[in-house]
Amino acid sequence: MVTPRKPPLTPDASGFNVYARECPARMVLDRIGDKWALLVLDRLRHDAARFNAIRRDIGGISQKVLSQVLKNLERDGLVLRTVHATVPVAVTYSLTPLGETLTQAAASLIHWAESHMAQIQHAQRLYDDRLAATSL
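Take 1 as the starting number for the sequence shown in full-length UniProt numbering and just add one per residue.
A portion of the hints provided could be inaccurate.
Stated by the list, open to error - Here are the simulated EDC-like cross-link-like pairs (lysine to aspartate or glutamate), alpha carbons at most 20 Å apart as the crow flies:
hint	residue 1	residue 2
1	71	57
2	64	76
3	71	129
Calculated directly from the structure, the hints in this document are not laboratory data.
Using the sequences and the hints, build the whole thing.
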């Protein structure tokens, strides 16, 4: 029998404990746990891009949501916004060194979802079928 591991109830070496109610790391987890943030990080993993290129590459994201995601990621020090002195002004977004440390994990999550989607959909169908059978 395997004994389940309990989450650490005390802060780690950094002084933060994500299981504590007031831990500021929860805000960061909330932000980077957002599908749009993960997709933006993964998109920028390969190269810097302008706003409209990011929006074009990430199907379904609205201009408003992309703008907010980029601002939040910039505020958290994960994305760098660079204004180029051209006519018209050009703005590019790229990962900061801190953002680059996160992209491996983000890419793993994104591509895990892609590669396991058929299994997830199958499990969802089985669950829905069981639920429907019990409600008869």
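Exercise. Holds or violated: residue 64 with residue 76, Cα cutoff 20 Å?
Worked result: Holds: residue 64 and residue 76 sit about 19 Å apart, inside 20 Å.
Problem set entry | Straight-line alpha-carbon gap residue 71 to residue 57, limit 20 Å | Status holds; Cα separation ~18 Å.
Problem set entry | 20 Å limit on alpha-carbon distance, applied to hinted pair residue 71 and residue 129 | 42 Å, violated
When held up to the earlier numbered hints, the structure conflicts with hint 3 and nothing else.
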